[in-house]
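> Letter by letter, the chains look like this.
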Amino acid sequence: MGVNLEAASEAGRRLGAVRSNEESFEALFRAEYTRVAGIANRVLADPHEAEDVAQEVFIDFNRLHSATAHYASAWLYRAAAHKALNRMRGRRRRERREFAQAADEGASTIDPQHMLEVSEDRRKVREALARMAPKPATVLVLRASGLSYSEVAQALGVGIGQIGTLLRRAEAALRKEVTRGSSL
Amino acid sequence: MAHLSEGTLRRKVDDQDALNGSDARHYATCTECQTQYETFADDARVAASLLATPDVKVDVSSAFKRFQSAPAAQPRFGIRLPVVRPAMRPVFGGLAAAVALVLLIGTGIAQDLLGVFSPTSITPVPVSVADLQSLSELGTYGTLTWTTQLQPQLVTSAAEAASVSGLKVPVVSSLPAGVSSTVTYAAMPQAVGVLTFDAAKAAAAATAAGKTLPPMPSGMDGSTLTVTVGPAVVEVYGDLMKSGSTSSGSTQIPTIPGLIVAESSAPLVTSSHSTTKEIEDYLLAQPGISPTLAAAIRAVGDPSKTLLIPIPIEYATSTTVQVQGVNGVALGDNTGLGAAVVWIKNGVIYGVAGTLTQDVVVGVADHLG
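Line by line, the protein sequences give chains A and B.
Quick note on the working numbering: the first sequence kicks off at 1 and runs consecutively.
Quick note on the working numbering: the second sequence kicks off at 185 and runs consecutively.
There's no promise every hint is true.
The calculated lysine to aspartate or glutamate pairs, modelled on DMTMM-like cross-linking and capped at a C-alpha distance of 20 Å, are [unchecked claim]:
no., chain 1, residue 1, chain 2, residue 2
1, B, LYS241, B, ASP226
2, A, LYS176, B, ASP226
3, B, LYS352, B, ASP550
4, B, LYS249, A, GLU49
5, A, LYS135, B, ASP550
6, B, LYS241, A, GLU49
7, B, LYS249, A, GLU127
8, A, LYS176, B, ASP550
Hints are computed from structural coordinates only; laboratory data are not their basis.
Bound-form chain A, shown alone (with noise of 0.2 Å):
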């Protein structure tokens, strides 16, 4: 019986490959979970559902994306920033969810009143997130998570000098929002 040597040749070349790519998947996903989880937990303040997002940032990034790409980190921040923000607009039941949360941060003080304004802080500034346009929301989320402007940058797919002014506007915007109506 003949063997086809082009054939198996073929094969072997594509079973490489596709190792080659789930090793490097793995590789990017190990890299920059955390981070990934991070990002959206700093918009949701809430790990579980920050998780639920980075894993769908992944699935969504391994569908259509090479883990080798050049671009993969900036896509993963942007995306984890995106989706978790589309996630909270329109959201209302957080917020038994957020009060429940502040009571067991609060538990060591066991102050009702700190309780209290722990939730209602928190459902301000992820409201005023909401309001505001998705670019300086996302700016202010990336630089809160820890990315350099650098990262930022090219996360935005914009350049490095535009960084500081973006930031300086969207810092204002939050705080414009969240101070509407209370004494911050």
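Based on these hints, arrange chain B on the given structure of chain A.
What follows is chain B alone, placed relative to chain A:
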């Protein structure tokens, strides 16, 4: 010297050494810049405080196992719509094959007429479920390779979609009531595939499926079809996934989006040396192709200028409507659950579909900017 820009001053908040020589000298003596800096620093401090959250503690290995166990995490080839239920995939696969069939035949015929397929209008072609089931994946008839890979990708803005595709992204002037303004963009640059017909492969696949194919003409075996598709842009309005609860906890359930707008350059197909008649006769002789479909395809007057749209007759009806000053085809879902309209203008194919009535869908299409 002009005052320092707000970007420069903001950067100083994060990096005290950010100012260069002349900026640093100006700042040292300018009370206005110093005051502004204090304001910026205060806003930055407040923003950081507002956005402070406890660090999320993750177990990356567990997270990766969860990722691997998610059905959607499996590697995919080509585009898969999140709204397509698994049970419907064979039908959509058949529909894709039907689109490929009519395209091949239409363009094959066009080869004899003009040598170039450049559609300026569209015509519906009735396709039955039996037709769909009788067609195999395109790859069954030979070897399909992409010389320029299909690279569909989710993008985050209309501007990025325009950048990826090079197309002017359609703008919906006003969203119909009940349609969410949450929009997801996808874009794809142009891709080029080459199908090399392979008689032995087609026969083997048919045998495995318990079918007997008509013999592939000798001139067709080994000949190639070069298919150029895209670039394309798709806008999906509404949430693609919604949260649901199961016994194992919360999960994400695919939902049907309220409105989809798509735009693509018309496809282009060229053939190496197989003749039109051979391709047409061969594909229409596939077992199970209904006489209705064969007759409809053969009846197309000027296939070089006509894009054929397969209509699954059990599920949808079609009517001709005026859209953007040209004739379009409106598809009504017989169940009343949705409608779509497709038209072609200046070499670009457009489509609008949604869980809306036909009038509303045509209205959106007509006012697309």
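> Now, for every hint given, state plainly whether the structure supports it.
Checked hints:
no.	hint	in the structure
1	LYS241/B - ASP226/B	violated (30 Å)
2	LYS176/A - ASP226/B	holds (13 Å)
3	LYS352/B - ASP550/B	holds (16 Å)
4	LYS249/B - GLU49/A	holds (17 Å)
5	LYS135/A - ASP550/B	violated (30 Å)
6	LYS241/B - GLU49/A	holds (13 Å)
7	LYS249/B - GLU127/A	violated (34 Å)
8	LYS176/A - ASP550/B	violated (40 Å)
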